[in-house]
Amino acid sequence: MRILVVEDDADAAQAMVRGLSEAGHEVAHAVDGAYGLLEAQQGGYDVYVVDRMMPRLDGVGMVETLRKNGDQTPVLFLSALGEVEDRVTGLKAGADDYLVKPYAFAELIARVEALSRRRETGGVQTVLKVGDLEMNLIARTVHRGTTEIDLQPREFQLLEFLMRHANQSVTRTMLLEKVWEYHFDPQTNVIDVHISRLRAKIDKGFDRAMLQTVRGAGYRLEA
Amino acid sequence: MRLPSLLRRTPFRLTLLFLALFATAASAILAYVYIASAAEARAQAEASVQAEADILLAIYNARDIDALNMALIERISRSGPYVYVLTDASGAFISRNLDASPIDPAPDTRAGQWGTFRLTETDEAGRVERPQGLGVDYELSGGEHLFVGQSLGDTEAYLMRLTQALWAAMGMVLVLGASGGLLISRNVERSMARLNKVVMAVQDGDLKARAEVRKSGDELDELGQGLNQMLDRLEASMTSIRHAGDAIAHDLRSPLTRMRAKLEVALIDAEAGKVSGTDALGVALDEADHLLKTFNAVLAIARLQAAQGTPDPVRFDAADLASDMAELYEPAAEDKGLEFGAEIEAGLMIEANRPFLAQALANVIDNAIKYTPVGGAVMFRARRRSSGEVEYSVTDTGPGVPEADRERVVERFVRLDNSRTEVGSGLGLSLVVAVLEAHGGRVQLDEGPGVYDGFGPGLRVALVLPPAPAGV
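So the protein lines, in turn, are chains A and B. Residue 149 in full-length UniProt numbering sits at position 149 of the first sequence; the count goes up by one each step and never skips. Residue 287 in full-length UniProt numbering sits at position 287 of the second sequence; the count goes up by one each step and never skips.
Treat the hints with care, as some may be off.
Derived DEER-like restraints, expressed as beta-carbon distance ranges [what the hints assert, rightly or not]:
#1 Ala306(B) to Arg67(A): 28 to 34 Å
#2 Ala302(B) to Glu26(A): 38 to 44 Å
#3 Arg140(A) to Gly375(B): 33 to 39 Å
#4 Ala306(B) to Gln72(A): 35 to 41 Å
#5 Gly440(B) to Arg67(A): 33 to 39 Å
Just so you know, these hints were derived from the structure itself, not from any lab. Just so you know, even glycine gets a beta-carbon here, dropped at the ideal spot from N, CA and C.
Using the sequences provided together with the hints, build the complete structure.
In structure tokens, the structure reads:
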């Protein structure tokens, strides 16, 4: 995957470039919004990671310009310690996801990968398939092999998100934000309990566990 | 107070300005009174001289010069207020009650003309006065001249007295005004000095300085009161900032110290080739994350307190949020071996910041789950109070909080001794209080269901929010 990192802080940028490269991605770096726009025009990027506060052209301005020019490449917005308004302005400007600094690399990588996947799976699907797990979005039924799995509505949403991001790490924060649609710190790992209940339903009694725990990151649904 | 410094003072300068204005106005009035009085006196004198002359002319016209002369002599002998001079055609005096000498300069005797002259009179005390006179001259048909005049001495004396009275009055006004102004100025000066002293003291860093406020209720006392209130607030917020700063320093010091120690040990071990250091780094990362959480909570509290009202309020149903939170936390509670119940009334519209309120509820529910021993219960309710307010409450069967400590636990970084072993920043409830206060609501801590089977007495935490304003 080709990623453009637009960040004025050299140390932060270097760390990001290294972290993403080690995760197997090709990473380019621009030092501010103006260079970011120039680099983006070269094309060929799968995701832009854009810092909010930058000299010359800031992140909001850069993303607004990108969208105005018809560039629909997914954007992950970064900003310093959580300001609710920042998230709102970032998303309004056209960013697709938002991450607050400082973050864990696992969180950054998971979100970047989730964004690129989102573009690949554009279009309306009625059936999701991961390995022998099959989800019918119309009938709202789930089968693993021939066994029908009975899920609560939230468990269904949780599994749908995991299936849409199959073979990718998803973090607990991502799940809280995307499945429950809440932005707060739940203090304890409430998400873990929900995952373990879901895991009990989809993996129990089968030879192979699909829902894996990724140490230091979160979870991954493996085909 | 020396004069140059006095001159710079506003009250005294204002006094001087008003005195000058008053003196100008008084002078104008004085001049007007003087001119009007003089004109009036002159007009009166003219009228009476004219009337006298008319009578004498009538006598002459009806009879002859002799009859006029007789009338004059008769009038002169009665020593009336008038001055008469009758001369023949050659200019020789026929009769007069006046020597030529006292009239100086000689009245302009052109016929039909009014003129002024000076008289020489001697008063009772023998003093010689030279009052002004006013008269008119008539040329009679036989070529004789009749001059009738009157002294203006009385009028002059009246005007003199008037002028003196006016000057005296003005002098008094100036003296009283100046001393009054000085008095007021010193009074204001003293009050200002008191306020200034406070301001200087505060400038020098003494936030405890307060202005002395008298009961007079004047503007300066109001200013003093305002200054004191401002200083009270300033001192309170400084104290709270200092307190928060101390608390942050205190709370961040131990994790920082721990992290440093662990990193150092890891470095030594890694140098010795004993371990790779990965584990220690992992623990250090956890400590860093904990620090960041604490920072986040401190930041959120600061923002809420600075926001003056709900940040980004949205209208939504509090019951939906309650269902989501119950659904989110129920598995965690059950996993710990707690009974988790939720009672949620429908239709609880509020206007609130959803993420902040969710965070507040999360903190309260998480506390309840954390502090309730296995086998206990956590009850989550959302309902409308009879007052119309919306109330979220979380009741647990944990050890509860002694009544004496309930006010204290909501303070920043306060953690009761028996909770020291639990993970947490000590900011959880403070953040809840900050969220509720920003929403115009409040947090109430009460005893739970009481002691039974080794549980309890429990804690009931209620978050009370005002209902959404009507309409829309």
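Status of each hint after checking the structure:
Range check, alanine 306(B) to arginine 67(A): about 33 Å between beta-carbon atoms, so the 28 to 34 Å window is met. In this structure, alanine 302(B) and glutamate 26(A) meet the distance hint of 38 to 44 Å, their C-beta atoms being roughly 41 Å apart. Judged by the Cβ atoms, the range 33 to 39 Å given for arginine 140(A) and glycine 375(B) holds: they are separated by roughly 37 Å. For the hinted restraint 35 to 41 Å between alanine 306(B) and glutamine 72(A), the CB-CB distance of approximately 38 Å keeps it satisfied.
Between glycine 440(B) and arginine 67(A) the beta carbon distance is about 38 Å. The supplied range of 33 to 39 Å therefore holds.
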